[in-house]
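K.L.:
Using the hints provided, position chain B relative to the given structure of chain A.
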Amino acid sequence: MGMDSVIRVDYLARVEGEGNLFVEIREGKVSRVEVGIFEPPRFFEAFLRGRKYYEVPDINARICGICPIAYIMSSSRALEKILQVKVADELEVLRRIIYLGEWVESHVLHILMLHAPDFLGHESVLGLVKDDPEIVKKGLKLKSWGNRVMSVVGGRSVHPVSCRVGGFHRIVRKEELNTLLKDFQTVKGHARELLEWVLNLPIPSFRRDMVFLSLRNDVEYPILHGRVVSNKGLNVTENEFENHITVEQAKYSTALRYKIKDGSTYVVGPIARYNNNYDLLRPEVRDVVESHGYGAPLVNSFQSIVARASETYHAVLELEELIRDYREPKQPYVDGTVREGSGAAITEAPRGMLYHRYELNEEGYVVNANIVPPTSQNLAAMEQDLIMLGDELTSLDPVKAQWLAEHLIRNYDPCISCATHFLRIKYVK
Amino acid sequence: MSKLRVAVYKFSSCDGCQLQFLNMEEELLQLTDMVEFALFYEARKAVEPGPYDVAFVEGAVSTTHEIEILKELREGSGILVALGACATAGGIQALRNWANVEEFKKYVYPRPEWIEVLEKVEPLSTYVKVDYEIRGCPVSKEQLLSFVLQLLKGKTPRLPVDSVCLECKRKGNVCVLVTKGIPCLGPVTMSGCGAICPSYGRGCYGCYGPMIDPRPAGLNELFKELGVSPKEIRLLFKQFTASAKEFREVHGGYG
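Protein chains in written order, with our numbering: chain A, 1 to 429; chain B, 1001 to 1255.
Bound conformation, chain A alone (with noise of 0.2 Å):
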């Protein structure tokens, strides 16, 4: 690259939705950094006024086809705390299993389709086949049981129609979820193999310092429930945590951003996780990962694929105690009381902590609504990482160092399409 330059990508591939990036480099240092989104506003928040609470996860849902089970579990678990509903713990179980499902289906999609081809140079998933077909037959194998997780709770794997506020539709059989533990020997082994194939990949080691935010509850590996924790000491409820974050809208690239009060950037995901619940980890995750030299914390965006092949083996070890403990629930969901009322709740999506408040009116009906999707929260992220990379970038040519720059913005699995609900379109041309 030349001491003054630009890199620029007018569409981000290998994510999700529509985003481009834009590099200004000046006497060989990164002067001015983008990462612009273009894919147009959807209003959700707007448009949810008005609506019945009932249809309210099923709507939101449509926010994002990757992560649909985060956005209804977020808003049902909002929603049912102004209903005063206890969901039973069977219940919990079974939301359990279909979040996890999801986590396998997502992280599988984006480490080997979305994220991998980068580490060894590949444009698609399609140069790996070449290379390594028997790890993207294992992989593609692993996703599809966790879409069939999905579609056994769920009906379907992208948006799923059996949830809703306070439980399911209907009680799901002890056979039926059976069906999934089938040939689960060979889904277990494919998991640790793809995350022993991921612990060989050449990923960078160098050290940033980061702010890592996520759920804890010392007592799981945290997804529907928890305090909101940080490396750096932050410690807060669900409801107190819209407090301590500020919405910024940068100039420059007139995105909104999310940032911790004190200004500094945060990362949310799967790194995040990782890092401040490593010891919730299975026992037989952290084995495997320490055997290959990593531990925690991880130290770098690159890193974040460790973090997600984990979280891939430890849902699957999961799953199959969750599933082959299952006890039928009585009731296939918990009533509540309709009143007036808001009510906060953030779940891990598996991009990252998803947070969702909702007001509704005596009747039921939503008066005001507020969605916090984890890439928002990612972006001034992203961004700093970019400046940071400046040396890096400056030092390869042209094409190599937009490969990079890109590949750092995938290390974060975006999902513009959920980030979009309040993104002002840039089309940087």
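Read the hints as simulated data drawn from the structure, not as lab findings.
These figures come from a predicted structure and were not determined experimentally.
Note that CB positions come from ideal geometry on N, CA and C, so glycine has one too.
Among the hints, a few may not be true.
[Said to hold, decoys possible] For lysine-lysine, the following BS3-like pairs were computed, each having C-alpha atoms within a straight-line distance of at most 27 Å:
#1 K1045/B / K400/A
#2 K261/A / K1106/B
#3 K1003/B / K141/A
#4 K1105/B / K1231/B
#5 K1120/B / K81/A
#6 K52/A / K1003/B
#7 K1180/B / K52/A
[Claimed, not checked] To be clear about the criterion: a stretch of chain A counts as covered by chain B if any three or more of its residues have a C-beta under 8 Å from a C-beta of chain B, and this derived list gives those stretches:
#8 2-16
#9 47-54
#10 330-344
P.N.:
Same frame as chain A, but now just chain B:
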């Protein structure tokens, strides 16, 4: 046999329909022997130039930029397929068609004056000729695969025309509307999903849009007899394919 050259593209939507290509886990590797995904941003970095044999387009049209790209895709593709509820009927974001978009901008954005969107969210067919519409929110993976295979064999792809009710009958489902009094859009909704909602104990919410000649007014009357309030009936029709003409007749045109 030369490969079918395919473009996969999206407008305003959730990615869920194009994701169904990547969800063809068992078939994907075989499929790529017969199909070249020449343009598919979600899956690959490289872009092969057109013309394309087929363009699968997900998403609704909600900006002038999207209109331009759609017209380019139409011009550069032999067959244009609208993929899913957003592309065929505007999808969930079309709910803003009944609202004041300026108020919406102000509600969601601190700097509403920077938001440039069209007054209304429209399906692809408002702006270009669409050759096939694959329904659903999302489209079914099986239906999409079968569609591609029919094209590969040089056939004219066949898509469903009947209602979700018939799928329930074929599956032997007990009718949730008749036996449990659950409001269900199955009688007026296009089949193709496998009647999953009734199979999971709930009423159909119409995500495949109206079937051919649905006559939803009768169902509207039945819901009233069940004691569902007029407001809740309107909301039921006004969801994922709210903008579809036949459903608009029940819940009210643009006002």
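K.L.:
Which numbered hints does this structure break?
P.N.:
5, 6 and 10
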